[in-house]
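Number of protein chains: 2
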Amino acid sequence: MKKVGVAILGLGVVGSGTYRVLTENHDRIAKSQNLDVQVEAVLEINPERARMLGIEERKITASIAEVVGNPAVDVVVEVIGGIEPAKTFITAALKNGKSVVTANKELISKCWAELETYARRNHVGLYFEASCVGGVPIIRTLTEGMQANNVQSMVGIINGTTNYILSKMSKEGSDYATALRQAQECGFAEADPTADVEGYDASYKIAILSSLALSERVTVSDVFRQGITDVQAVDIRLGAELGYVLKLLAIAKNTEKGVEARVHPAFVSKTHPLASVDGPFNAVLLHGDMVDDIMLYGRGAGSLPTASAVVSDICYAATRSEPWYAPFRNTDDPAEAVKINTNFLSQYYLRLFVSDQKGALSRVAGVLGENGVGIREVLQKGESKDGFATVIFITHQTEENDMSRAIEGLKQLDEVKSVESLIRVEQ
Amino acid sequence: MKKVGVAILGLGVVGSGTYRVLTENHDRIAKSQNLDVQVEAVLEINPERARMLGIEERKITASIAEVVGNPAVDVVVEVIGGIEPAKTFITAALKNGKSVVTANKELISKCWAELETYARRNHVGLYFEASCVGGVPIIRTLTEGMQANNVQSMVGIINGTTNYILSKMSKEGSDYATALRQAQECGFAEADPTADVEGYDASYKIAILSSLALSERVTVSDVFRQGITDVQAVDIRLGAELGYVLKLLAIAKNTEKGVEARVHPAFVSKTHPLASVDGPFNAVLLHGDMVDDIMLYGRGAGSLPTASAVVSDICYAATRSEPWYAPFRNTDDPAEAVKINTNFLSQYYLRLFVSDQKGALSRVAGVLGENGVGIREVLQKGESKDGFATVIFITHQTEENDMSRAIEGLKQLDEVKSVESLIRVEQ
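Which chain is which? The protein sequence lines are A and B, in order.
So the first sequence is numbered by this note's numbering: it starts at 1121 and just counts up by one.
So the second sequence is numbered by this note's numbering: it starts at 1121 and just counts up by one.
Only chain A is shown next, with the shape it has when bound in the complex (with noise of 0.2 Å):
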C-alpha cells in the first residue's frame, strides 16, 4: 500500500477537522484508495490544541523549515487562512517538492499564478477543492465531470453566513442587525462578519470557480461585489409577495461581450432550485452546453465537512502520477486579463416612494420606457403616507447601463420622493 505522509499547518475548525478525519477514517481511505496516509507533522503556535487532539509530541512543531524539510512528509496541508503567513508556508512547501492542498480561498484569488509557478517548476500540485463551497466537489465536478462542457453560466450560493442570515430574514421577518446577531450566537457568523457579509469571501470563491469553468484567469478584481449589509426586512417581505425569495447569488456567465463575475444580493422566483436552498447549505448550478443542467447541494462550510473535502485533495494528489494544474494560461498580467463585460442583463426589483397624484405613475414609467427599461410587473400598495406610496416594479431583462440611467431619471422626478431599493432578480 503507498504510504502517504501529511503534515497540517494550523489546527483551527479545518485542522482539526482533518486531523479526525484522518485519524478516525483511516482504514476507510486504506481500503478504498489503497492509501495509507499519516499524519507526520502537525505545524501550530499553541501545542495545547495539538495534545487535545492526542498528537504525538514529536509532530508538533512551530518551524515551517522542520515541516518542509521532513523527508517523511509528501503533502503538506495549509487551514490557516489568510494571505500571510499561509503564502509563505506554501511557497517554502512546493519549492521543496512537496504538493499542497488548501482551503484558502482569499489566498488561491489572489496568489493563484504565482504559486503555481512554484509548484510547476518544482513538479508537484496545488489543490484546492476545499476553498470552494465546503465539502461539496464542486472543484472535481468542474475538472473531472465537465471535460465535455463549455460551461456557459454557473449561479450559486456559496457562503453559508450571509445565506443564513437572508434565510433567517426570510422565515422570521427579522432586520438585518438581528439576523447576523442570530448568526454570530450560533457560530454562522464570525465576530467580525466582514468578509462574508461585505461579499468578500463569495468573490474569491467565484473568480476561482469561474476560472476553472470557463478556463480562463479570472481575478477577483475582475468580480462585481456588492454584499448584504443594506438588504432591508420591507423588501424581502415583498418580494415574498410577489412569489421571490432574497439570496446572496455568486455569478458567472460567458457572454458574447465578455465573461461576467458577480456576488451581489439578488431575488430568484420561489420555484427556482436555488430558493430551496437554506441556512447553511450551499449549491451551485451549472450550465454546460451539452449536459444541459446540473446542481451540487450540500454543506458549504464546517469542520468535518470542509475536511472532506481536504482529504479528499490529499487522496487526488497521491493517486496522480502527475500534478494537476490549472488548464489555462495562468497569469495576473493585465494584458492577457479575459474581457469582462460588466454592463449586466439582468431583471430588476425597483421599490421607489411616488406621489398619490393624478399621472404620476404614468410619469415614472415613462421614464422606465424611455431608457430601455420594460416593465413585467408592478405592485402598488394601497396605503399612502405623506402623500407618497411604496410602488415596486419588476423590470424584463434590462441592461446595467439603462437601469442606471433610468435611476437617474428617476431621481429628477417631483413625483419620485426617492428610489427605496434596487435588487436585481435572476431568473
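The hints are simulated quantities; they were obtained by calculation from the structure and are not laboratory data.
Hints should not be assumed to be uniformly reliable.
Identical chains share a label here; the pair holds if one copy fits it or two copies do between them.
In silico lysine-lysine, DSS-like type, Cα no more than 27 Å apart, as pairs [to be verified]:
| hint | residue 1 | residue 2 |
| --- | --- | --- |
| 1 | 1390 | 1291 |
| 2 | 1123 | 1537 |
| 3 | 1151 | 1459 |
| 4 | 1531 | 1291 |
| 5 | 1230 | 1151 |
Based on these hints, arrange chain B on the given structure of chain A.
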C-alpha cells in the same frame, strides 16, 4: 498534445450524441484537457446513420475485429446497450489492450466482476459514468470526491421515465396508463417500457452505485425491486393531501444489520429535497459520515447529457497513467456476498376500506399496535360506500417484517373489506 483515438460502437441516441460532442467540442477538450481526441472508427450495422453524421467512409465498419485490431484506437466506447453483443465487444476490446468506456448499466451491474478481470489482466480500464444518472457525475463524485467518507446512505431518483410518469400523475391527476401513454408520445418512455416501469433500470444503477458507495460488491440479485405499474391516482391525490409526493426511489443504506439496496415507489414530504425533482430530471442524495448531506441533480438521460458523461470518461481514462479499478473485491462468488438486510426500517402509507360500524377503527388500530406498528397520522374520509370508508394511516418507522404480519392480521378482520395500498414513506 496527447492524441487519443476513440472507436464508437453503436450510433444510436448516445452514440450519435458522443460523436457530436467529440466533434463540436473538440477544441474545448483540447484546450482544457490537452487532449486531441479523434474518432478513428465507428461500428454500426446501419451505415446510413454514420453517413448522416458525416463520418468518413473509411472509418465505418461492421467488424469488431477490425475495431479492436486498429492501432489508432486507444479507447472503445460501447453505447449499444444490453448484454449481447455488447459483452462480446467489450471483452474483445479489453483483451486487445483497449480501455473501455460504456453507458451499459445492465451489463456492468451483471457482469462487472468478469469484465474487470479482463481489464486488470490487460492493464486497461473500464469506465461507466454514463451508465448512471446521465451527465450528472455521480460516479466521479463517489470515487474522487467522497474518499474521506463512509457513505451511510444514498437515496435517489435515477430513472427519468418513471419520474416523468409520476410527475404527470401528480400534476394532472391522471391514471398510470394515461401518463405512460403521454410519456411514450413525448419520447420519455419506450414502446416496451418494462425495463423502466418495473424498476429494472433503477435496480441496475443502484447495484453499481451502492457498490461504489459502500466499497462492497452489491449485485442486482441483492436489490429489492418494485416498479410503478400498480400506482393508483387516488393514492397520489390522498398523499398530496397529507403533504407527500410519490417518487420511484432507489435507496442504498449501510446499517448494522447489513446493506439495504432497494427500488420501490415511496412518498417523500413535499419539503424533502427530492420532492421537487420533476419530469426527466434525476437526483441523488448522499450522506457521508464526514461531509454530511450532498445532493447532485441534473438530466438523467438524453443524447447530449449522456454523451457528456461518456466523453468525461474518455478524458479521465486518457489522463490517468494507471487505470482505475473498483476499490473492493469484485466478485460474483456467493461465498463472498455482502450481508444484505431485507427487514427494512421504513414509514408506511396504508390505505384500507374499513367498515363504518362502531369499534371498527379501534380493532384496526389494535391489530397495528399488536404487531409493533405505531401510528403517526390517520385520515378518514367522511364518505362511505356500501358501509365501508377509506382510512389512511401513516405509520412511524416500522420493520418490514412487522408490517407484513400486521397486513396479514388486517386481512383477517371482518371490519377490513380490503387492504388497498401499502406504500413506503421515506424520511
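Handout entry: Homomeric proximity label, residue 1230 with residue 1151: Cα distance no greater than 27 Å
Key = Between. Shortest inter-copy distance 23 Å satisfies the 27 Å Cα cut-off; intra-copy 37 Å does not.
Problem - Within, between, both or neither, where residue 1123 and residue 1537 count as close if Cα-Cα is 27 Å or less - result: neither (70 Å within a copy, 66 Å between copies)
Problem - Within, between, both or neither, where residue 1531 and residue 1291 count as close if Cα-Cα is 27 Å or less - result: Classified as neither: same-chain Cα gap 33 Å, cross-chain 46 Å, threshold 27 Å.
Practice task
Classify it for me, residue 1390 with residue 1291: is the Cα-Cα distance of at most 27 Å met within a copy, between copies, both or neither?
Solution key: both (13 Å within a copy, 18 Å between copies)
Problem - residue 1151 and residue 1459: within-copy, between-copy, both or neither at 27 Å Cα - result: between (46 Å within a copy, 18 Å between copies)
Hint compliance for this structure: hints 2 and 4 are broken, all remaining hints hold.
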